[in-house]
Each structure stands twice: as C-alpha cells, then as structure tokens.
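Protein chains: 2
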Amino acid sequence: MAAGNVPKKARSVKEASSVLYNCSSRQKNALLKAIVFRLRDQIPEILQANKKDLKSAAAAKLSDVLTDRLTLNEQRIAQMMEGVKDVIKLSDAVGTVVEKIKRPNGLCIEKMRVPLGAVGIIYESRPNVTIDAAALCLKSGNAVLLRGGSEAIHTNKKLVAVIKTALNEVDLPAGCVEFIDTTDRAAVLEMLKQEKYLDVVIPRGSQQLISFIQANSSVPVIAHGEGNCHIYVDNSADIAMAEEIVFNAKVQRPSVCNAAEKLLVHSSIAAQFLPRVARRLSRAGVEIRGDKETLAFVENAIPAAQTDWSKEYLDLIIAIKVVKNLDAAIMHINRYGSHHSDAIVTQNTSHGERFLREVDSAAVYVNASTRFTDGFEFGLGAEIGISTQKLHARGPMGLVDLTSIKYVVHGKGQIRK
Amino acid sequence: MAAGNVPKKARSVKEASSVLYNCSSRQKNALLKAIVFRLRDQIPEILQANKKDLKSAAAAKLSDVLTDRLTLNEQRIAQMMEGVKDVIKLSDAVGTVVEKIKRPNGLCIEKMRVPLGAVGIIYESRPNVTIDAAALCLKSGNAVLLRGGSEAIHTNKKLVAVIKTALNEVDLPAGCVEFIDTTDRAAVLEMLKQEKYLDVVIPRGSQQLISFIQANSSVPVIAHGEGNCHIYVDNSADIAMAEEIVFNAKVQRPSVCNAAEKLLVHSSIAAQFLPRVARRLSRAGVEIRGDKETLAFVENAIPAAQTDWSKEYLDLIIAIKVVKNLDAAIMHINRYGSHHSDAIVTQNTSHGERFLREVDSAAVYVNASTRFTDGFEFGLGAEIGISTQKLHARGPMGLVDLTSIKYVVHGKGQIRK
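Residue numbers (our numbering), protein chains in the order written: chain A, 1 to 417; chain B, 1 to 417.
Bound-form chain A, shown alone (with noise of 0.2 Å):
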C-alpha cells in the first residue's frame, strides 16, 4: 500500500467521528476503561513488539538518551494506564453552553462546545504519546489518526492494536484511532492533504518539523513548537530569589520545552549576582556562553555566537547577556525568543507588570520558575502538547483545547427583515 494508506484511513477516522461526536461522557469514559483493561493484559505482547523497536535501534546506534525514551517495562505501562485512568476523572466539556444569547426577535442563540471532529497527530520519540494523545482525543469526541516516530513503529502498531480491541468491546468504530504503520515520510505529506476529512493537524516535535508541516498542510495546524525561554533578572531582584529560580528552570529537567535557556541580567546587578548563580550553575555542570559584559564576570564563560540568542539547547548550556534596563529586556526577548514561558525576578512591582503585559509570549512569570508552563501544573487535569502560537489554543492545551463550538438556535418561526 503506498504510503500507507493515508487517503482510506483519513477517511475512516472522519466516518467514526460522527459516531463519537454524539457519545456521552458515559460511553467515552466505558471506552476507556477498556483501554486500561486491555493494556493490562497485553502487557508481555506490548513488551514483545518494544523488544523489536529496541533491537532496531541498537543496530542503528540510536543514542542512549533516545533509547531511554523509546524503552517501555512494566512500570511505564502502569503509567500509561495511570494517565487512562486521570483523563477519566477530567470532565468532558462537549455539550457545556458557553454564552447564552436571547435576541430582541426571541431567537434564543446558545453557543455550545462540540468535538473538533477529526484530529491528526504527527509525533516523534515516545510511544506513550501514542496511548495519551488518543485517550485525550477520545474523552473530548474526537477520532484521531496518528502518526508516530518510525523508532517506535512495532510498538506504537501494538499499542493501536490493543485501542481498537477495546473499541470493538464498547461497540465503537474501529476507525475512531487509526494509525499510519509506514515510516515513509510521503506519507506525513499526504497526511497534510487530507483537508477532506482531517479538521486539524498538531505537529508535537523539533521547529524543522513544524515548520516542514505549517509549509505543507492544507489541513488547520496547531504548532507545538520550541521553547527558547528567558530569565530576566531585574535591579530590583530579589539575588537570592533569583539564583534559585535561574537554577531550577535551567537545571531541574533540561531537556524540555520549558526550561529556561537564555539568562538576561540587568547591568547594574550584573557584578553581584552573576559570578554568584554561575559557580551555582557551573557546579551543576551547565556550560556558560555569554555576552562581552557576562565575559568579564564570569571566567569560565565562552562568547555567545549571535546565533546563541535565538537557539533551543534542550541542554545543559544557557547563554547569558547583560542589559541595560527592563526596555532592552522585553525588547531581546520578543526579538529572539519563541515567544513559549519568560519570567521577570524583580522586587518592583511596576516592573513586573510591565514585563507581564508586553513580553508577547504564551506564558509570562514574575518571580517564578518557566518550569510551570504545563498542562499539570497549570491545573488543567492533562495536555496535548503547549501551542506555540496565537489561533485556537496557545500555552498548554487541555481537553478543552480540543473542541470547537457551534451556534445553537431555538425560534418559533422568526425570519429576516
């Protein structure tokens, strides 16, 4: 089948879709709990088609960051199950009235949440993606179809299988989680065609490939792309406070999204506070590139290349650079920042506020770690991925972030004038 399949599976996820699209909270959290049965059973068959995967990537020398992220044990399925489980308790808001309108004519127009319909997600690396983004997909009426990182093929294949079983139980469409078994990439492309019966793709991956997919889409995208987060240390920061917070959002987790990766530090604080939080850093093994003033208060710091300020470590690295006032901050920062998390450390309250309203990013701080911006954290019960950008959803998006609305109108017979 060429490219698997795309065009015939894009339209079996948007056949099953009307089906889902009138499902009760009921039948959704039925389907569910399915899931979590069936994984429960077909642990050792999961952990049979990752040993598959793993082989693969030990014959292509797969790093071992990676290999760590595609190995599934017991414990990891226990997770996935967990996470089932945690979407159950989320309340569904398909059918909730958002506004309500009565018109002078008597229409009575309510504005209602309903399903997105038909959802597509590109993904790499880990294969509990595959079992999340379907369970959050489904709670909120949605099929989806999806496409994975070819590392993980066998065991995402398994993992869909094991979805549809479940699907098959509670009586519902096999179509309503279908996935693209090729690691051909003509068939991502031919994914971005399917207008027809796709209403919107989220791309979760490296900005090459979100750029790559928001070139070539037909179908709406929702771009979770890279986060280039700052700090921005103000004269009036609190240095304690501070080094606590440079520390955490760069060294507690650097390998995601929202940890910090450039360091501003207001110049009249500079030589008090920033050969303090670089020996914090440095002991923590974080390599410091910095700015001509940054060099001179730090001696181990190399030049930060002026490709430095708008790069995406997901590292142990951060680059630093001395401004002059909060203006040449806020100012760096929508420049070169990708507008994802950025926090102000600042005792002045005006400051603060300043910073808050015009940083134009997703989620902006004061006296905070970037390390929140989350879907858990934020209180939103799960995510689907942080939206990188201003249309439909941005920061981290919940379930509901995956539905739309339409208008409903009740008359006794009204027309035009």
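Warning: the hint list may mix true and false statements.
Just so you know, same-sequence chains aren't split out, so a pair can sit in one copy or run between any two.
[Unchecked claim] The calculated DSS-like cross-link candidates involving lysine-lysine, where the alpha carbons are at most 30 Å apart (straight line), are:
#, residue 1, residue 2
1, K33, K311
2, K14, K324
3, K193, K102
4, K111, K196
5, K85, K33
6, K311, K14
7, K417, K311
8, K8, K292
If you're looking for bench data, these hints aren't it; they were derived computationally from the structure. As the structure is a prediction and not an experimental result, all values here were calculated from the model.
Keeping the supplied structure of chain A fixed, place chain B upon it in accordance with the hints.
Just chain B, lined up with the frame of chain A:
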C-alpha cells in the same frame, strides 16, 4: 517593486503591532474617531478615486452586480463612517481575564485576552471591507495587512491613505494598516509566506480562493468559505411556518452565504407542502431543480444533477430533494453541506433536538431562517466575517475572535520540584 513589496509591508505591520498591543481602549477609540473625521474630510477625493475604478470596470465590461458592489457615493461613505462609530461603541476584549486559577503552591495564573498581533486580510469586491476590517482589527489591538480585489484598487489605496492620515494624527505608526497596492496575483502567494511577521491570514471570498490559500499558506488561516445551507421540512412541521422560512431563506437576499440553497422535505408531507412552496418560489423568479420525487409534485422543476447537492448558487435557484426521514436529512446535510447554517422546521421537539445535535454545522436552527447567521443578528455588534472552519472561531466572528490569550503568572519565588 516586485509583487507590491510584501515582505517589507508585513514587517512594518509586525513592528506596528507591538505598539498597538499596548494601546488603551481610549487610544484605540481616538484613532477610530480620527478615521471617521478624515473620511468626512476626504469624500470628494475618495469618490474621485472610485471613479477611476468604475472607469476600468466599464472598460472591462464588469457585470452590473459587481459594478454596483464597487460603486461608492456619499451615502455609502456615510454608512462606512457609521460602521466605524459602531465599532467605537463596542467593548474591547483586550486585557479581560477569562479565567483565574489559584494553585496549591500559591501561583496565581490568569488567562488574559491579548491581540492576535499582525493580521492579514485577503478580500474581493466591495471597498467598504477596507474600512470595516481595519476598524475591527485596530479596535482589537491588531495591526493589519490588507489585500483587496483588483477592481477596487484605486478606491482601496485612497481609503488606506485616509487611515494613515488618522494614524499620524494620533501618533500611531503608519504600519498599523498596510495595503498591498498591486493587482499582481503573485503578491497573494508572497503574503502567505510571511509566517515570520503575520500571526493569521483571514481570506474572504470564493471557495476556490479559500482552497488556494489553505493549500499555500504557511501562516495560520481562518477560512471564511461558502454556504451551501439547507432547510429540512419535517413531517411534523407547521406548513405555513415552513413556507415562510423557506421563502425568506431563499429569496430575501439570495447573494449571501447564509441564504438557503437546498430544501429537503419529508416524504409524508411532500404532496401537501411541495406544490404550495414551489408556487410561491416560482412567483418570486426562483428556478427549481428537483430529484425524481420532487419532479412529480412540481411541474416546472428541472432535474437536479448530482453536482447540484454540493453547489452554492448565490442566486435565485434552489434544489429540492424528498427524503424518507430525519436520519436521511441529517446524513444528506452532513455529507453534501458546507457546514455553514442549516435549519429544521418541526413541531416535534425530539426531532428538533436531534437535528441540532447531529448536524455538524457552525449554526443549526430549529424553526428559524438560516439568514440570521450574522454577527449583528447574533448580537456580536459587528463581524469580520463568518468562519466555516472549526479552529479558533466558528460562525460569525466578532471582536473577541480577533484576540488570542496569554497566561499571566504571579509568583513569590516558586520553583518546580
């Protein structure tokens, strides 16, 4: 200048957007007032520019309908001014806190409305869109790059010059409103590649234009596509009400997207209803195309082709089909419709509720004309258009749909564990 100097203008819009982003409602209203004054001042010059377009239209033998759309006079300019005054009165959603979340760790998270940023609008025909769209974008804090139809190029250029005079008067950057002053089609393609500068592109026009833009844009698109709207007359309908609704939806203004194009009639009332409604429609000059069963009841009907079911006529034409029940009607609408506006006429509450729930359209009606799908009729105060997609905005798009959100987080030194 190649293709109207698009990248330079897009960049100018982006830069201006950061100034508008932080404008108060008072400043934005002052700008809109200045636009009203400058329009009043410049009526002779605007009419003069319009004459040039009308002269080209006559030379190109443009149809009467299109020439009428293109024509300005003092009254139509006065209507534009009234439109801007109406936008001044609307409340500006920017800065509104949609949701406030207090986390157990003490973080205070506010979900706040912010402008989208830099908006591209691609439209055809009527020059009043230039003023309407600019006013709505400016009021919601967005800078805008406009691309109007080639027939109105001189009028549009003049109208944008008027806006720029107003911008200058209130000390806002000229880049808040830019216009692509070339009729070169390549300029549209170039506009769609400005993802670095534009946050969204809103095309208004034919389905052909929309599809071209969706297939070629790297910038996120909010599509305003066509309306293939249905009225389904149920077996339990009030026949007199059904006749009024069908007549209104088809005849009152056939050239707009919320006019009815299709009539579905339950087989058990076809004999009673069809001859009656057909007579009324025919007297108003409506051409009737019908399926085989309809032809038996309507003597002057011509046979409908298979392609009729998915067509938007925007004219005094209707296609009629007899269906065996509610299920067949819903299935037909979801399959052949454009997911814009669809109505059922019924006295049976459960039939009405099923139709409202299961028809997957932006606006669904029970016992009312589809002609109400409109920002003013829905009480939004104004509309930038009617979205036919599910992402971000669906149905009539008001001021609030020209905003995005940002998460504003206040902490006291919180770090992630």
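Tested hints:
no., hint, result
1, K33 <-> K311, "neither (42 Å within a copy, 44 Å between copies)"
2, K14 <-> K324, "between (55 Å within a copy, 25 Å between copies)"
3, K193 <-> K102, "neither (40 Å within a copy, 42 Å between copies)"
4, K111 <-> K196, "within (25 Å within a copy, 33 Å between copies)"
5, K85 <-> K33, "within (7 Å within a copy, 56 Å between copies)"
6, K311 <-> K14, "between (38 Å within a copy, 22 Å between copies)"
7, K417 <-> K311, "between (58 Å within a copy, 26 Å between copies)"
8, K8 <-> K292, "neither (58 Å within a copy, 32 Å between copies)"
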